[in-house]
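Novice: With chain P fixed as given, assemble chain R onto it according to the hints.
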Amino acid sequence: MTEENFEKFLKKTTQTYNVPPVRVPREEMWAAIQAERAAGPRVVYGGGASSPVHERRFGTRVWLGAAAAAMLLIATGVGIGRLTAPKAVPSVAANPSIPQPPVTVTPDQTNSGTASPAQVATTGGESPRQPQHATSNGGQARNTDVSGVERPVAVEIQRASTRSSSAYQLTAMQNLSEAEALLTSFRSRSSADQQMDAQLGTWARQLLTNTRLLLDSPVGDDPQRRPLLQDLELVLVQIVQQLSPGSTPQDRDLIEKTLQQNHVMTRLRTAIPAGAQHGS
Amino acid sequence: MQLVAYESRSSVNDTQLITRVVAGDAAAERELYETYVDRIYRLTFRLAGDDELARDFTQATFIRAFEKIGGFRGESSLSTWLHSIGLSVTLNGLRKTKRQRNREAPIEEGITVGFARADAEPDLKERLARAIDSLAEKYRTVFVMHDVEGYTHEEISEAMGIPIGTSKSHLFQARGKLRVMLADFAPEWVS
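Sequence lines, in order, name chains P and R.
Under the working numbering, think of the first position of the first sequence as 1, with each following residue one higher.
Under the working numbering, think of the first position of the second sequence as 1, with each following residue one higher.
In case anyone wonders, no lab produced these hints; they're calculated from the structure.
Just so you know, not all the hints are guaranteed correct.
[Said to hold, decoys possible] For lysine-lysine, the following DSS-like pairs were computed, each having C-alpha atoms within a straight-line distance of at most 30 Å:
no., chain 1, residue 1, chain 2, residue 2
1, R, Lys98, P, Lys12
2, R, Lys125, R, Lys138
3, R, Lys168, P, Lys8
4, R, Lys125, P, Lys11
5, P, Lys8, R, Lys125
6, R, Lys177, P, Lys12
7, R, Lys177, R, Lys96
8, R, Lys168, R, Lys125
9, P, Lys8, R, Lys177
10, R, Lys138, R, Lys168
11, R, Lys168, R, Lys96
12, R, Lys98, R, Lys168
13, P, Lys12, R, Lys168
14, R, Lys98, R, Lys177
15, R, Lys177, R, Lys125
16, R, Lys177, P, Lys11
17, R, Lys96, R, Lys125
18, R, Lys125, R, Lys98
19, R, Lys138, P, Lys11
20, R, Lys96, R, Lys68
21, R, Lys138, R, Lys177
22, R, Lys138, P, Lys12
23, R, Lys68, R, Lys138
24, R, Lys96, R, Lys138
25, R, Lys98, R, Lys138
26, P, Lys11, R, Lys68
27, R, Lys138, P, Lys8
28, P, Lys12, R, Lys125
29, R, Lys168, P, Lys11
[Said to hold, decoys possible] To give an idea of the interface, some chain R residues facing chain P are shown, with a C-beta separation under 10 Å as derived from the structure:
no., residue
30, Arg42
31, Ile63
32, Glu137
33, Gly165
Backbone N, C-alpha and C fix where the C-beta goes; we use that ideal spot for every residue, glycine too.
Chain P extracted, bound-state conformation (with noise of 0.2 Å):
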């Protein structure tokens, strides 16, 4: 009897728990139903997304950072190349008048006993740059460093040469590792993704401006290297005008036409070797 009456009592009770309002607001639901299907997918509180999530397979903080990270590389690399290199040794037949630094010649290259001390090391006598030992025995020329051990003159500039080529070495391969990677995007990009076209402009812009600056460097004057270069400067203003607002689909068949004619793609992987890629 007390259970029924209980029972009674919560149904008498219970209409007052959280009573819903008379009028269901249908129409504002409906409206906010029509958005979010309108915005695309999203989470709901089901758990899991609404439907499949197309995602991106990188992110766009992802290829900036990338970009940006490769810029900075590349940057400090020409930097440390330019800072390394050693001062352009001006020619004495070419100009008799500017001073003539130390000429030496490295042992190999000495046809002993025919040339003397003071031939080998034709010394600029005005020159500041003069080697505090200008001569000395065996006709090598020879510097001397803080610790006061000497060092032959053309060791340390072959070895100063032989570290910023290096240097330049090592940022032409990133150049170009990063140039493979974009022409790659860009040739498999959906034209339809804005956001992917803006990220890619930038990642051709830093690249262009980093392939000039290695034209302008001594890789440039690599008569393999300039060509590709000078190629891939052309691709890459191509897909930098392309990708700026107002370009037509033609532009991009002009670039395709490019890189297929050139065989850009071919001899940039030529040109990098096996695993520079995920290397320095």
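Specialist: Then chain R, alone, in the frame of chain P:
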């Protein structure tokens, strides 16, 4: 009363409606919405106790239903299917909201949570609401659906995905706990 009205919809009508919705018929979507929105909203409001939350849950229910209706195989009625989505959305949403509120609640308030203060709140309506709110989720859901909104155990079991016996058991447990919590008001139902 509403329940009878909705039950009167034939499965043929539902099948035709679903076919049109799947085909992208906007009018059919609206028809489906108009048919079931009141009941879904009422239930979500009863469970959430808040208009804004009830709206959010109702909207999410229909958004999800429209997205998934292509996969509806007709193994249950459209109403049951919609209610199962509605319950899932609402209960998950309430858990999430509860977690957020617990995190945001000041320490002083957190200490008092769970303590009934009969002397401070003598009002039956208030006490009853507190008592129902303090029930475990599964008991509260069955109780609200059955005793407050008038769903049958069959409907509850299908919507919650539990056996009918479990639904009855949950209701029994819920009533028993409420009886203990409302013992102060025993004269109200003994007399």
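Novice: With reference to the structure, classify each hint as holding or not holding.
Specialist: Each hint tested on the structure:
With a C-alpha separation of about 28 Å, the suggested pairing of Lys98/R with Lys12/P holds against the 30 Å cut-off. As the CA atoms of Lys125/R and Lys138/R are separated by approximately 22 Å, the hinted pair is consistent with the 30 Å bound. Between Lys168/R and Lys8/P the alpha-carbon distance is near 17 Å, which keeps this suggested pair within the 30 Å criterion. Under the criterion of a C-alpha separation no larger than 30 Å, the hint pairing Lys125/R with Lys11/P is consistent with the structure, at around 13 Å.
For the hint pairing Lys8/P with Lys125/R, the CA-to-CA distance comes to about 15 Å; that is within 30 Å, so the pair holds. The hinted pair formed by Lys177/R and Lys12/P meets the criterion: a straight-line CA distance of about 17 Å does not exceed 30 Å. Annotation: proposed proximity of Lys177/R to Lys96/R holds, straight-line Cα distance about 25 Å (limit 30 Å). Our distance criterion of 30 Å between C-alpha atoms is met by Lys168/R and Lys125/R, whose separation comes to about 25 Å.
In summary, the hint linking Lys8/P to Lys177/R is supported, as the alpha carbons are separated by about 16 Å, within the 30 Å threshold. Using a Cα cut-off of 30 Å, the hinted pair Lys138/R and Lys168/R holds, with the two alpha carbons roughly 11 Å apart. Only pairs whose Cα atoms come within 30 Å are accepted, and Lys168/R paired with Lys96/R is accepted, the gap being roughly 27 Å. Of the supplied pair hints, the one linking Lys98/R and Lys168/R holds, its CA atoms being roughly 26 Å apart against a limit of 30 Å.
For the hint linking Lys12/P to Lys168/R, the alpha-carbon distance of about 20 Å falls within 30 Å, and the restraint holds. Using a Cα cut-off of 30 Å, the hinted pair Lys98/R and Lys177/R holds, with the two alpha carbons roughly 22 Å apart. Among the hinted pairs, Lys177/R with Lys125/R is consistent with the structure: their alpha-carbon atoms are about 16 Å apart, no more than 30 Å. This hinted pair checks out: Lys177/R and Lys11/P have alpha carbons roughly 15 Å apart, not beyond 30 Å.
Distance check on the hinted pair: Lys96/R and Lys125/R sit about 26 Å apart at the alpha-carbon level, within 30 Å; holds. Proposed proximity of Lys125/R and Lys98/R is supported: the alpha carbons are some 22 Å apart, at most 30 Å. Only pairs whose Cα atoms come within 30 Å are accepted, and Lys138/R paired with Lys11/P is accepted, the gap being roughly 19 Å. As the CA atoms of Lys96/R and Lys68/R are separated by approximately 23 Å, the hinted pair is consistent with the 30 Å bound.
Pair hint Lys138/R plus Lys177/R holds up; C-alpha atoms about 13 Å apart against a cutoff of 30 Å. Restraint check: the Cα-Cα separation between Lys138/R and Lys12/P comes to about 22 Å, which is no more than 30 Å; the hinted pair holds. This hinted pair checks out: Lys68/R and Lys138/R have alpha carbons roughly 25 Å apart, not beyond 30 Å. Distance check on the hinted pair: Lys96/R and Lys138/R sit about 16 Å apart at the alpha-carbon level, within 30 Å; holds.
For the given pair, Lys98/R sits about 15 Å from Lys138/R by alpha-carbon distance, which is consistent with the 30 Å threshold. For the given pair, Lys11/P sits about 36 Å from Lys68/R by alpha-carbon distance, which is inconsistent with the 30 Å threshold. Between the alpha carbons of Lys138/R and Lys8/P the distance comes to roughly 22 Å, so the proposed pair stays at or under 30 Å and holds. Distance check on the hinted pair: Lys12/P and Lys125/R sit about 11 Å apart at the alpha-carbon level, within 30 Å; holds.
Restraint check for Lys168/R and Lys11/P: satisfied, since their Cα atoms lie roughly 16 Å apart, inside the 30 Å limit. Proximity of Arg42/R to chain P holds as hinted, the smallest CB-CB distance being about 5 Å (cut-off 10 Å). Checking Ile63/R against chain P: minimum C-beta separation of about 6 Å stays under 10 Å; hint holds. Proximity of Glu137/R to chain P is violated relative to the hint, the smallest CB-CB distance being about 14 Å (cut-off 10 Å).
The restraint placing Gly165/R at the interface with chain P is violated, with a minimum CB-CB distance near 19 Å, outside the 10 Å limit.
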